[in-house]
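J.: Each chain, written out:
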Amino acid sequence: MARALARRWKLFVLPAILVPVTLGLRVAGVSDLAVFAAAGVAVIPLAHLMGIATEELGKRAGPGIGGLLNATFGNATELIIALVALGRAASLAAAGNTTGADGLVEVVKASITGSIIGNILLVLGLSMLVGGVRHKTQKFSVRAAELQVTLLVLAIVALVMPELFQISYEGAGGVPPGLPNVSLGISVILLVAYVLGLVFSLHTHKDVFNPVTHEQDKPLWSRNFALGVLLASTALVGLVAEVLVGAVEGVTPALGIPRPELFMGVIVIAIIGNAAEHGAAIMMAWKNKMDLSVGIATISSVQIALFVTPVLVLASLAFGRPLTLAFEVFELVAIILSVAILAVLAKDGETNWYEGVLLLLVYAIIGVGFYFHP
Amino acid sequence: MARALARRWKLFVLPAILVPVTLGLRVAGVSDLAVFAAAGVAVIPLAHLMGIATEELGKRAGPGIGGLLNATFGNATELIIALVALGRAASLAAAGNTTGADGLVEVVKASITGSIIGNILLVLGLSMLVGGVRHKTQKFSVRAAELQVTLLVLAIVALVMPELFQISYEGAGGVPPGLPNVSLGISVILLVAYVLGLVFSLHTHKDVFNPVTHEQDKPLWSRNFALGVLLASTALVGLVAEVLVGAVEGVTPALGIPRPELFMGVIVIAIIGNAAEHGAAIMMAWKNKMDLSVGIATISSVQIALFVTPVLVLASLAFGRPLTLAFEVFELVAIILSVAILAVLAKDGETNWYEGVLLLLVYAIIGVGFYFHP
Amino acid sequence: MARALARRWKLFVLPAILVPVTLGLRVAGVSDLAVFAAAGVAVIPLAHLMGIATEELGKRAGPGIGGLLNATFGNATELIIALVALGRAASLAAAGNTTGADGLVEVVKASITGSIIGNILLVLGLSMLVGGVRHKTQKFSVRAAELQVTLLVLAIVALVMPELFQISYEGAGGVPPGLPNVSLGISVILLVAYVLGLVFSLHTHKDVFNPVTHEQDKPLWSRNFALGVLLASTALVGLVAEVLVGAVEGVTPALGIPRPELFMGVIVIAIIGNAAEHGAAIMMAWKNKMDLSVGIATISSVQIALFVTPVLVLASLAFGRPLTLAFEVFELVAIILSVAILAVLAKDGETNWYEGVLLLLVYAIIGVGFYFHP
Numbered sequence: 149m150a151r152a153l154a155r156r157w158k159l160f161v162l163p164a165i166l167v168p169v170t171l172g173l174r175v176a177g178v179s180d181l182a183v184f185a186a187a188g189v190a191v192i193p194l195a196h197l198m199g200i201a202t203e204e205l206g207k208r209a210g211p212g213i214g215g216l217l218n219a220t221f222g223n224a225t226e227l228i229i230a231l232v233a234l235g236r237a238a239s240l241a242a243a244g245n246t247t248g249a250d251g252l253v254e255v256v257k258a259s260i261t262g263s264i265i266g267n268i269l270l271v272l273g274l275s276m277l278v279g280g281v282r283h284k285t286q287k288f289s290v291r292a293a294e295l296q297v298t299l300l301v302l303a304i305v306a307l308v309m310p311e312l313f314q315i316s317y318e319g320a321g322g323v324p325p326g327l328p329n330v331s332l333g334i335s336v337i338l339l340v341a342y343v344l345g346l347v348f349s350l351h352t353h354k355d356v357f358n359p360v361t362h363e364q365d366k367p368l369w370s371r372n373f374a375l376g377v378l379l380a381s382t383a384l385v386g387l388v389a390e391v392l393v394g395a396v397e398g399v400t401p402a403l404g405i406p407r408p409e410l411f412m413g414v415i416v417i418a419i420i421g422n423a424a425e426h427g428a429a430i431m432m433a434w435k436n437k438m439d440l441s442v443g444i445a446t447i448s449s450v451q452i453a454l455f456v457t458p459v460l461v462l463a464s465l466a467f468g469r470p471l472t473l474a475f476e477v478f479e480l481v482a483i484i485l486s487v488a489i490l491a492v493l494a495k496d497g498e499t500n501w502y503e504g505v506l507l508l509l510v511y512a513i514i515g516v517g518f519y520f521h522p
Numbered sequence: 149m150a151r152a153l154a155r156r157w158k159l160f161v162l163p164a165i166l167v168p169v170t171l172g173l174r175v176a177g178v179s180d181l182a183v184f185a186a187a188g189v190a191v192i193p194l195a196h197l198m199g200i201a202t203e204e205l206g207k208r209a210g211p212g213i214g215g216l217l218n219a220t221f222g223n224a225t226e227l228i229i230a231l232v233a234l235g236r237a238a239s240l241a242a243a244g245n246t247t248g249a250d251g252l253v254e255v256v257k258a259s260i261t262g263s264i265i266g267n268i269l270l271v272l273g274l275s276m277l278v279g280g281v282r283h284k285t286q287k288f289s290v291r292a293a294e295l296q297v298t299l300l301v302l303a304i305v306a307l308v309m310p311e312l313f314q315i316s317y318e319g320a321g322g323v324p325p326g327l328p329n330v331s332l333g334i335s336v337i338l339l340v341a342y343v344l345g346l347v348f349s350l351h352t353h354k355d356v357f358n359p360v361t362h363e364q365d366k367p368l369w370s371r372n373f374a375l376g377v378l379l380a381s382t383a384l385v386g387l388v389a390e391v392l393v394g395a396v397e398g399v400t401p402a403l404g405i406p407r408p409e410l411f412m413g414v415i416v417i418a419i420i421g422n423a424a425e426h427g428a429a430i431m432m433a434w435k436n437k438m439d440l441s442v443g444i445a446t447i448s449s450v451q452i453a454l455f456v457t458p459v460l461v462l463a464s465l466a467f468g469r470p471l472t473l474a475f476e477v478f479e480l481v482a483i484i485l486s487v488a489i490l491a492v493l494a495k496d497g498e499t500n501w502y503e504g505v506l507l508l509l510v511y512a513i514i515g516v517g518f519y520f521h522p
Numbered sequence: 149m150a151r152a153l154a155r156r157w158k159l160f161v162l163p164a165i166l167v168p169v170t171l172g173l174r175v176a177g178v179s180d181l182a183v184f185a186a187a188g189v190a191v192i193p194l195a196h197l198m199g200i201a202t203e204e205l206g207k208r209a210g211p212g213i214g215g216l217l218n219a220t221f222g223n224a225t226e227l228i229i230a231l232v233a234l235g236r237a238a239s240l241a242a243a244g245n246t247t248g249a250d251g252l253v254e255v256v257k258a259s260i261t262g263s264i265i266g267n268i269l270l271v272l273g274l275s276m277l278v279g280g281v282r283h284k285t286q287k288f289s290v291r292a293a294e295l296q297v298t299l300l301v302l303a304i305v306a307l308v309m310p311e312l313f314q315i316s317y318e319g320a321g322g323v324p325p326g327l328p329n330v331s332l333g334i335s336v337i338l339l340v341a342y343v344l345g346l347v348f349s350l351h352t353h354k355d356v357f358n359p360v361t362h363e364q365d366k367p368l369w370s371r372n373f374a375l376g377v378l379l380a381s382t383a384l385v386g387l388v389a390e391v392l393v394g395a396v397e398g399v400t401p402a403l404g405i406p407r408p409e410l411f412m413g414v415i416v417i418a419i420i421g422n423a424a425e426h427g428a429a430i431m432m433a434w435k436n437k438m439d440l441s442v443g444i445a446t447i448s449s450v451q452i453a454l455f456v457t458p459v460l461v462l463a464s465l466a467f468g469r470p471l472t473l474a475f476e477v478f479e480l481v482a483i484i485l486s487v488a489i490l491a492v493l494a495k496d497g498e499t500n501w502y503e504g505v506l507l508l509l510v511y512a513i514i515g516v517g518f519y520f521h522p
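Chains as they are written, first to last, in my numbering: chain A, 149 to 522; chain B, 149 to 522; chain C, 149 to 522.
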């Protein structure tokens, strides 16, 4: 274990500093903004550590189980933050603070939206731009990208139906009848799509659709060490997420905009939760491995939509405050537009700096929209 | 004629049993549900018989006229059921039962929606799944599929415009001014698109776009016998459709859901009306003729949208209860989403079992939506 | 200069006749309809002359600056007509006629919509039809077309966001808070996309995306003569646009439809403003240079969306009557549908007469919609 740690000790330095600092600031009772910033920064190297531990476990387990591990833990950070926020919303509601509880549920939904569009627009946009500055054109597998686009279209279908319930009920207030049932039914369908998708890409057609996991490096960590790191980092992400979520309510009003929860979730929380993917995808693009960049960004979006979202809907039943699949119209439209521009760009299997710029500009337009949202 | 009958006598067995049974049940005054079920089952072999007779006539007439016959009679079952329902709606309205009349018109519109999305999602999804279980990947002509996708986009344009009239008039009640004119104008445009599409695919570019009709088998029936079978089966479909439509009003309340007419039309009637296509397309997929499967499913959707729908709008003028092109928002959205996922899947000219699963899951999501529709 | 004029003197004949006739009719005080018709006809050869002068200047300046000139002056006619209309709206408003002012602003927005969809549907549709009558299939560069489709999707994103502000504020009357800010922010983003797009297509990737400007003919005019013609024709377009816009208010009621400003802008003004592109694109299609046809039509749409529209938004600040990016829902939907059918048709890099017919039928459906718009 000492050797394993020795080999990649740099991974542990940042968490070892940032987690205590975050907890210290919280205990010291400094401003929510400072606590929020510290927690947001501390989450990032922890998420990276979780990713490395998952990868190490995967190397020992072989490609099939490894793919499964990646598919399950790949967006664990977003999932943990969201679960912590739902838990806190439930206790706020129990304490009579329904406004706060509703605000946190809104932040959770917005962070789902933000993760989906952020991976497509910000992560992929930066990757294409950074890669494109160095390489005139870069190539990626159209076939793999189109599978992810298809799954994102499925996700859009799944979000549009509940939205229609919401819209057709507008004005009457409260939750439309049938919406919780529809959300549950559709969540189960999404999980079926996700699980069968794993069977498809990891088993029956693994030769065709596995551009991302073909690196077969030798494991550096023992199985037990990797498992220990995974468990410890997951627990610490949960702890830091508690601090982060606890500070959200104190920070949002400071934004001074009409709908701070929306902006907070779509832009800020989503960037924190996906920072590890950001780093990895951009690094791969810089190294001209655009296939991996596109894979990381699109698969991460799909995991959020087809795995994290339905799990949160099902988990919310346990918390007693049901999370429905009916998002804000703004959020749904942002997702649809992001997938539309991805579909158009993914067709030719090539990227360049200007395509990256276009994705970033779409992100900017959507950001402006959420900032001024009335 | 005896020889012709002898050669394919099995085709006549089921109708010869099911039609009298259906009529008998109706006369005996059993429950509407039993009558509806019997009529629904009886329609299927009759539709198959119509298809065979059309095909036999086409063989004698040569590919051009044969194509025209297929294009006209290919969705005759749906057309007949819808016309019978419109006729019954008119007589209900004349008898003062406007609720019943409106309900039937709603069933007709819903069955149009259900036929369009059912062919894309259910027929094609089952074909891809069944074919994909046996063959790892199956190929089809991208070029032919994309023509049908383009025509479906045209159909969406044609349905969106009247919808905007409906939405912008919402709340005021009644039919928006201009909507009947717009429906008529757009229906004529759709028929022009359909007729010119036949000129294009059967005449000027028949070498390029005719993957479906290249089987040139020898006819088994004489021209007169085929014509006789076509006329007789068409008449019987009309008769059974009368019984089916007459039982609809008695069955819908038994569903116990908020909008039974919608669910009935979109799912049940649409499946009955398209059962013949279902069987043929799945059989072709199993035999690895995915080109034919995709052709049957997509062309059938296009025929409903570009031929059956405008003919119903024009015919409804004769019945005195105008059918407009303004569908439920739910229906229009379901059509748009179905075409979107078809467009994404059709791009690469290959199918596999998971693509079939995805289409079926989209169908399931839409089905859940219509079931709980408030 | 005499030689230069001599070489292409025919270009000057029509303006030399039509401009004085238009001004004469205006001074003579004949009916607005006659003045409007004369001005509409007079604009077309002037726009053609501006195009030739820009081209001649471009030949002398080399491909980079030439491309820049084309990109800036390519839709100068639409820009001038719109600016003149905004100016007149401001003076009408100053004179207390806010109904007239609002009507003119509506005509301007509608003419933007009409230019975008007109180039895609009418110009490209006629080109494909005319070219397809002579040539069975015609080819064009998928890569160049897809770049333009991507930019049009960006434009749609830019128009959807403000629309959501408008819709979510509906009923409250007046301009939604935040809408002017969002319009300004998004306009700046669109201009950034446009300018970086020029860097991309004229500089870093000019070898890949320059199918339109590869004709390297010898200049026929001297630089000074070309500059003089450009300035003079631009001034005359401004003068005739004054007359045209002044007659609009007198003509619209004569249409006898519920929303004459909308129909006038989307169909009539847009056709007048784009007549020069129409002629050029159709001519190229007839000569089997479909690459140039597709380039002219799609690039013109993109220029309107990414250059003319944001410039008008920024310019409107100077006039004191802010033009926002929130269009009518009908207009936005028409743009989305046009881009969708373009995206589907552009995928295979081939055209035929029936694809042209389909674009024209979509234009007809949208035209019917705007004509009866309640």
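Hints are not guaranteed to be accurate.
Since the list gives no way to pick one copy over another, a pair counts as held whenever it fits inside one copy or between any two copies.
Heads up, simulated DSSO-like pairs for lysine-lysine below, C-alpha to C-alpha not over 27 Å straight-line [to be verified]:
(1) K495 <-> K207
(2) K284 <-> K354
(3) K287 <-> K495
(4) K366 <-> K158
(5) K354 <-> K158
(6) K366 <-> K284
(7) K158 <-> K284
(8) K158 <-> K495
(9) K354 <-> K495
(10) K437 <-> K354
(11) K366 <-> K437
(12) K158 <-> K287
(13) K366 <-> K495
Hints are computed from structural coordinates only; laboratory data are not their basis.
J.: It remains to establish, for every hint, whether it holds in the given structure.
T.: The hints, checked one at a time:
no.: 1; hint: K495 <-> K207; result: neither (32 Å within a copy, 35 Å between copies)
no.: 2; hint: K284 <-> K354; result: between (31 Å within a copy, 12 Å between copies)
no.: 3; hint: K287 <-> K495; result: both (11 Å within a copy, 19 Å between copies)
no.: 4; hint: K366 <-> K158; result: within (19 Å within a copy, 65 Å between copies)
no.: 5; hint: K354 <-> K158; result: neither (34 Å within a copy, 44 Å between copies)
no.: 6; hint: K366 <-> K284; result: neither (33 Å within a copy, 32 Å between copies)
no.: 7; hint: K158 <-> K284; result: neither (34 Å within a copy, 45 Å between copies)
no.: 8; hint: K158 <-> K495; result: neither (40 Å within a copy, 46 Å between copies)
no.: 9; hint: K354 <-> K495; result: both (22 Å within a copy, 21 Å between copies)
no.: 10; hint: K437 <-> K354; result: both (20 Å within a copy, 24 Å between copies)
no.: 11; hint: K366 <-> K437; result: within (20 Å within a copy, 45 Å between copies)
no.: 12; hint: K158 <-> K287; result: neither (32 Å within a copy, 50 Å between copies)
no.: 13; hint: K366 <-> K495; result: neither (35 Å within a copy, 38 Å between copies)
In the structure shown, a violation is registered for the earlier hints numbered 1, 5, 6, 7, 8, 12, 13, in ascending order.
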